[in-house]
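I would like the entire structure built from these sequences, with the hints used as guidance.
According to this note's numbering, the stretch in the sequence shown is residues 13 to 247, in order.
Treat each hint with caution, since some may be false.
Claimed, not checked - The following label-pair restraints were derived from C-beta to C-beta distances:
hint: 1; residue 1: L16; residue 2: S104; range: 37 to 43 Å
hint: 2; residue 1: P68; residue 2: K156; range: 17 to 23 Å
hint: 3; residue 1: P196; residue 2: P165; range: 34 to 40 Å
hint: 4; residue 1: D74; residue 2: H198; range: 28 to 34 Å
hint: 5; residue 1: R41; residue 2: A184; range: 34 to 40 Å
hint: 6; residue 1: S104; residue 2: L199; range: 18 to 24 Å
hint: 7; residue 1: Y103; residue 2: F214; range: 33 to 39 Å
None of these hints come from the bench; they were simulated from the model.
The C-beta atom is built at its ideal place from N, Cα and C for all residues, glycine as well.
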Amino acid sequence: VHALSVRLLASGQPIDMLINNAGALFNPRQETSEGFEKSFALLLLGPYILTESLYPALKKSDDARVVNVLSGGMYAAKIKPSDLHYKRGEYSGSRAYARAKRGLMIATENWAERWRGDGITVNAMHPGWADTPGVQDALPAFYKITKRLLRSPGQGADTAVWLAAAAEAAKASGKFWLDREQHPSHLRASTRESSSERQQLFSELEKLMQNTRPATPKRKATQKKPVASTARLSA
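Encoded structure:
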């Protein structure tokens, strides 16, 4: 992710649209080579690092849009900043997925507030249940029962494309959308994070972003050739 952001920034070009849509469901619990729980790394930390890093390019655009693809599963989840890697309790891939998506919704609201004066619109959306290989592989029993009711991939992507491109979609920022309509980001008070939990979440994300940033290679010092002395030794 860091390498990608460096390459994009190096072009010097503005970024008009950024859609964060990477996703997977892991069962059993798995970790990355850095020791991060994979749902957290892929669904929250990765988008956070990429979006934060690309801020300079987004700011260059006259009308930048960031769209974060979430899931209705977040309605049942509350972020746990003290256990972002899901090391406590019995692991559930579905719960880990929902927690990470909840975290990305919180980040969406934070970016919208921070970048309000920079011409950057940030929103989140739920594509609905769509007939994709990801759903088929991650939830085979669910897919078998609901296949006839699932949306097409195009229908699932419609709101994301609309948020990224439509003029009217720039009128709101920091919101959660489904079928081009705003929906509440919480359905139950029990899923709401406190201000201290929000602060702890961003503190952890920022720390991990800095800790995973590749070290800048040091330039080798240029060795100066010794200058021949023209002085003569006295006898």
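Here is what the structure says about each hint:
no. : hint                     : in the structure
1   : L16 to S104: 37 to 43 Å  : violated (30 Å)
2   : P68 to K156: 17 to 23 Å  : violated (47 Å)
3   : P196 to P165: 34 to 40 Å : violated (26 Å)
4   : D74 to H198: 28 to 34 Å  : holds (33 Å)
5   : R41 to A184: 34 to 40 Å  : holds (37 Å)
6   : S104 to L199: 18 to 24 Å : holds (20 Å)
7   : Y103 to F214: 33 to 39 Å : violated (24 Å)
Taken one by one, the earlier hints fail for this structure at numbers 1, 2, 3 and 7, listed in ascending order.
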